[in-house]
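Participant: One line per chain: the protein sequences are A and V, in this order. Numbering-wise, the numbering used here puts 69 at position 69 of the first sequence, and it's gapless, one number per residue. Numbering-wise, the numbering used here puts 107 at position 107 of the second sequence, and it's gapless, one number per residue.
Derived by calculation from the structure, the hints in this document are not laboratory data. Heads up, a few of these hints could be off.
Once the Cα atoms are required to be at most 25 Å apart in a straight line, the calculated SDA-like pairs of lysine to any residue come out as [claimed, not checked]: (1) V:Lys363 <-> A:Glu177; (2) A:Lys40 <-> A:Ala14; (3) V:Lys363 <-> A:Asn181; (4) A:Lys102 <-> A:Glu146; (5) A:Lys102 <-> V:Arg247; (6) A:Lys201 <-> V:Glu327; (7) V:Lys429 <-> V:Ser374; (8) A:Lys102 <-> V:Gln283; (9) V:Lys363 <-> V:Glu227; (10) V:Lys330 <-> A:Phe176; (11) A:Lys45 <-> A:Asp136; (12) A:Lys102 <-> V:Leu285; (13) A:Lys143 <-> A:Leu117.
Heads up, incomplete: computed chain A residues facing chain V, CB under 7 Å, no partners named [what the hints assert, rightly or not]: (14) Pro120; (15) Val193; (16) His194; (17) Arg197.
Take a look, some chain A residues computed to stay more than 12 Å from chain V by CB distance [to be verified]: (18) Met1; (19) Asp9; (20) Asp10; (21) Ala14; (22) Lys45; (23) Asp47; (24) Ala81; (25) Arg118; (26) Leu149; (27) Leu169; (28) Gly196; (29) Thr204; (30) Pro209; (31) Asn213; (32) Arg215; (33) Gly216.
Note that CB positions come from ideal geometry on N, CA and C, so glycine has one too.
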Amino acid sequence: MPRVLLIEDDRETANEILAELVDRGFDVDWAATGIEGLDKARAAKADAMIVDRLLPGMDGLTIIEAVRQERVRTPVLVLSALGAVDDRVRGLRAGGDDYLTKPFAIVELIARIEALLRRPAESRDTVLRVGPLELDLLSRTAKRGERPLELLPREFRLLEYMMRRKDQLLTRAMLFEEVWNYKFVPHSNLVDVHMGRLRRKVDTPDEQPMIHNIRGEGFILRAPA
Amino acid sequence: MHLPEFTRTTTFRWTLVVSGAFTVCILLMFGFVLAQAYSYMTADVDGFIEGIATAVVARNPDRRAQRVDEHLAVDPHRVKLGGLFAGDGSRVTGNIESPPAALPADGRAHLVSLIRIDGSERERQTVRAVARRLPDGGTVVIGRSEYEFAWIVDIVERALALGLIPALCLGLATGAFLSVRAQRRVEEVNRRVQRIVTGELRERLPTQGTNDPFDKLAVLVNGMLDEIEALVRSIAGVGDDIAHDLRTPLTRVRISLERGRQNARSVEQLRATVDQAIVSLDQSLAVITALLRIAEIEHGRRLSGFRSVALAELVREVGDLYEPIAEDKKIALVVAAKDEVTVNGDRDLLFEAVANLVDNAVKFTPEGGRVELSLSQADDEAVLRVRDTGPGIAESEQEFVARRFYRSEKSRCNPGFGLGLSLVAAIVKLHGFRFAISPGPGCVAEIAGQRTPG
Numbered sequence: 001m002p003r004v005l006l007i008e009d010d011r012e013t014a015n016e017i018l019a020e021l022v023d024r025g026f027d028v029d030w031a032a033t034g035i036e037g038l039d040k041a042r043a044a045k046a047d048a049m050i051v052d053r054l055l056p057g058m059d060g061l062t063i064i065e066a067v068r069q070e071r072v073r074t075p076v077l078v079l080s081a082l083g084a085v086d087d088r089v090r091g092l093r094a095g096g097d098d099y100l101t102k103p104f105a106i107v108e109l110i111a112r113i114e115a116l117l118r119r120p121a122e123s124r125d126t127v128l129r130v131g132p133l134e135l136d137l138l139s140r141t142a143k144r145g146e147r148p149l150e151l152l153p154r155e156f157r158l159l160e161y162m163m164r165r166k167d168q169l170l171t172r173a174m175l176f177e178e179v180w181n182y183k184f185v186p187h188s189n190l191v192d193v194h195m196g197r198l199r200r201k202v203d204t205p206d207e208q209p210m211i212h213n214i215r216g217e218g219f220i221l222r223a224p225a
Numbered sequence: 001m002h003l004p005e006f007t008r009t010t011t012f013r014w015t016l017v018v019s020g021a022f023t024v025c026i027l028l029m030f031g032f033v034l035a036q037a038y039s040y041m042t043a044d045v046d047g048f049i050e051g052i053a054t055a056v057v058a059r060n061p062d063r064r065a066q067r068v069d070e071h072l073a074v075d076p077h078r079v080k081l082g083g084l085f086a087g088d089g090s091r092v093t094g095n096i097e098s099p100p101a102a103l104p105a106d107g108r109a110h111l112v113s114l115i116r117i118d119g120s121e122r123e124r125q126t127v128r129a130v131a132r133r134l135p136d137g138g139t140v141v142i143g144r145s146e147y148e149f150a151w152i153v154d155i156v157e158r159a160l161a162l163g164l165i166p167a168l169c170l171g172l173a174t175g176a177f178l179s180v181r182a183q184r185r186v187e188e189v190n191r192r193v194q195r196i197v198t199g200e201l202r203e204r205l206p207t208q209g210t211n212d213p214f215d216k217l218a219v220l221v222n223g224m225l226d227e228i229e230a231l232v233r234s235i236a237g238v239g240d241d242i243a244h245d246l247r248t249p250l251t252r253v254r255i256s257l258e259r260g261r262q263n264a265r266s267v268e269q270l271r272a273t274v275d276q277a278i279v280s281l282d283q284s285l286a287v288i289t290a291l292l293r294i295a296e297i298e299h300g301r302r303l304s305g306f307r308s309v310a311l312a313e314l315v316r317e318v319g320d321l322y323e324p325i326a327e328d329k330k331i332a333l334v335v336a337a338k339d340e341v342t343v344n345g346d347r348d349l350l351f352e353a354v355a356n357l358v359d360n361a362v363k364f365t366p367e368g369g370r371v372e373l374s375l376s377q378a379d380d381e382a383v384l385r386v387r388d389t390g391p392g393i394a395e396s397e398q399e400f401v402a403r404r405f406y407r408s409e410k411s412r413c414n415p416g417f418g419l420g421l422s423l424v425a426a427i428v429k430l431h432g433f434r435f436a437i438s439p440g441p442g443c444v445a446e447i448a449g450q451r452t453p454g
């Protein structure tokens with residue numbers, strides 16, 4: 001049972017997040033102040049941390065930096081009311097941690113925590129496999145079973161990202177940030193349209209679908225049952 | 001002591017300082033001239049009386065008195081003095097009462113005080129005089145008053161009175177006038193600033209078109225006030241627009257929740273209601289997020305992230321991003337970026353701006369239409385152009401399209417939050433580029449900015 005430490009000073013927000021985490025089967029711990037949070041983070045009993053950036057008298061990032069100096073590698077999801085993505089946050093992202101701007105959908109938060117907990121192992125394999133799906137990273141080719149898939153470069157990256165995170169809910173924002181590297185959320189249903197194209201190539205009508213659209217939440221890649 | 005207000009101004013103080021320095025210089029100059037004149041005249045007088053005294057001594061003893069009398073004979077200005085005294089000090093002839101004790105009989109001229117007698121009149125005078133001892137034990141004293149010098153001093157005094165004093169008065173008066181004028185302007189500015197502070201935003205500082213530093217400053221401040229006024233008004237307008245754009249989805253949320261609560265017969269129906277409410281709430285949140293984003297860009301905190309951006313690649317990326325959507329809508333999306341053009345800027349923001357323009361164009365162009373995204377260079381500028389065959393923007397509305405939240409009425413039926421163009425305008429402004437929307441057959445949006453070599 002993964003254990004999540006939440007450092008958030010607003011009791012109501014904390015309660016909502018904790019309740020949702022418990023519903024999803026997480027073990028939770030809560031710290032309402034930066035000092036308390038720092039102590040609990042140092043104990044390093046959590047598998048992931050959610051840290052509010054704006055704590056009374058302290059920037060949440062300071063806690064993370066302090067903890068990192070003590071070589072505690074617990075992955076962190078930072079919550080912030082600030083829209084600005086500054087250099088400190090960029091550094092955070094480079095370190096494999098994540099950042100979420102308030103207000104956010106609770107689904108988005110859960111998806112990102114799951115992603116942090118199940119960070120893909122740094123595999124040296126040059127061929128990724130999910131069920132009948134095979135992606136050759138060297139020759140940049142893909143096939144489902146014996147059927148080759150003609151993928152555009154962006155579609156290849158999208159599929160690679162999804163195969164590394166199979167069985168995991170990927171929200172539109174996550175895909176847009178990670179596959180397209182853009183931070184703004186487009187108005188149009190950009191991700192859906194691109195995903196639709198990839199889906200038509202991966203799942204033909206007579207095959208069992210592998211890319212699943214979870215309504216209002218995001219997409220999951222699963223091996224056919 | 002209570003001094004008038006203007007005496008405290010810098011202008012007036014400087015006037016005082018300059019006047020003072022001027023006076024000191026004039027006095028020094030006159031003093032120097034006087035000293036020179038005095039030493040010249042003294043040398044002249046001294047030579048003259050020393051010569052007479054020598055001549056008296058050189059005469060026969062019985063003709064000495066006659067020589068002294070000759071000296072005194074022609075003296076219309078009563079400036080000459082002379083006296084011949086016997087060994088016992090008694091006066092033989094002349095108009096000096098007695099040989100002055102302070103005058104050494106060395107044949108040299110000195111400044112001494114003595115008593116002149118004219119008949120019964122006695123008068124103490126300070127004069128240049130020379131004394132010489134006679135072989136018979138008597139003394140001869142020859143003197144001359146410094147009448148001309150006193151006269152020159154008199155003239156100088158009058159010149160000073162007639163020249164310096166009016167000049168000083170004029171200086172002080174000018175200083176006072178300038179100070180009072182500056183004081184008045186400051187008071188006027190003060191009064192108007194007070195009115196601006198109390199909320200009278202249309203008030204401006206007075207300008208006289210004289211182009212003096214004060215005027216230039218006033219023009220500068222007025223320009224600043226124009227900008228502030230425009231900002232305050234746009235914020236006020238935005239307030240109304242926010243209220244409207246948030247109220248619409250929030251009202252929908254409220255109604256659907258209310259109806260769902262009353263009418264839902266099953267959990268499924270209730271869920272559908274809640275889903276609908278969440279979609280509307282997400283719209284409200286998107287409005288707020290977009291607003292914050294615009295504010296963040298307008299604050300310009302990202303200037304440090306500026307570097308060279310290759311636009312052709314960026315344009316092709318935007319094309320790739322929107323091509324599937326355009327195809328779904330059966331719109332031809334044509335990307336033309338032959339030459340590589342670079343500008344100095346923030347790549348993410350520029351991408352966002354171009355993506356927004358294409359997003360808008362694709363959204364507003366009806367099926368079967370055409371959207372062109374092109375990159376070209378004109379002179380030293382890079383020009384990004386998005387042309388569509390949509391309904392375009394009415395001329396009367398072009399001015400307002402970049403205002404936050406404004407959405408042309410024709411587009412009200414389309415989803416979107418009306419903030420796209422405001423966002424583009426904010427990004428363009430941050431880069432110091434130009435943004436223009438003009439009617440083509442449909443709508444032409446153009447971003448133009450200084451390109452960098454290479």
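Participant: Of the numbered hints stated previously, which ones are contradicted by the structure, given in increasing order?
Facilitator: Per hint list: 4, 9, 11, 13, 14, 24, 28, 32, 33 violated.
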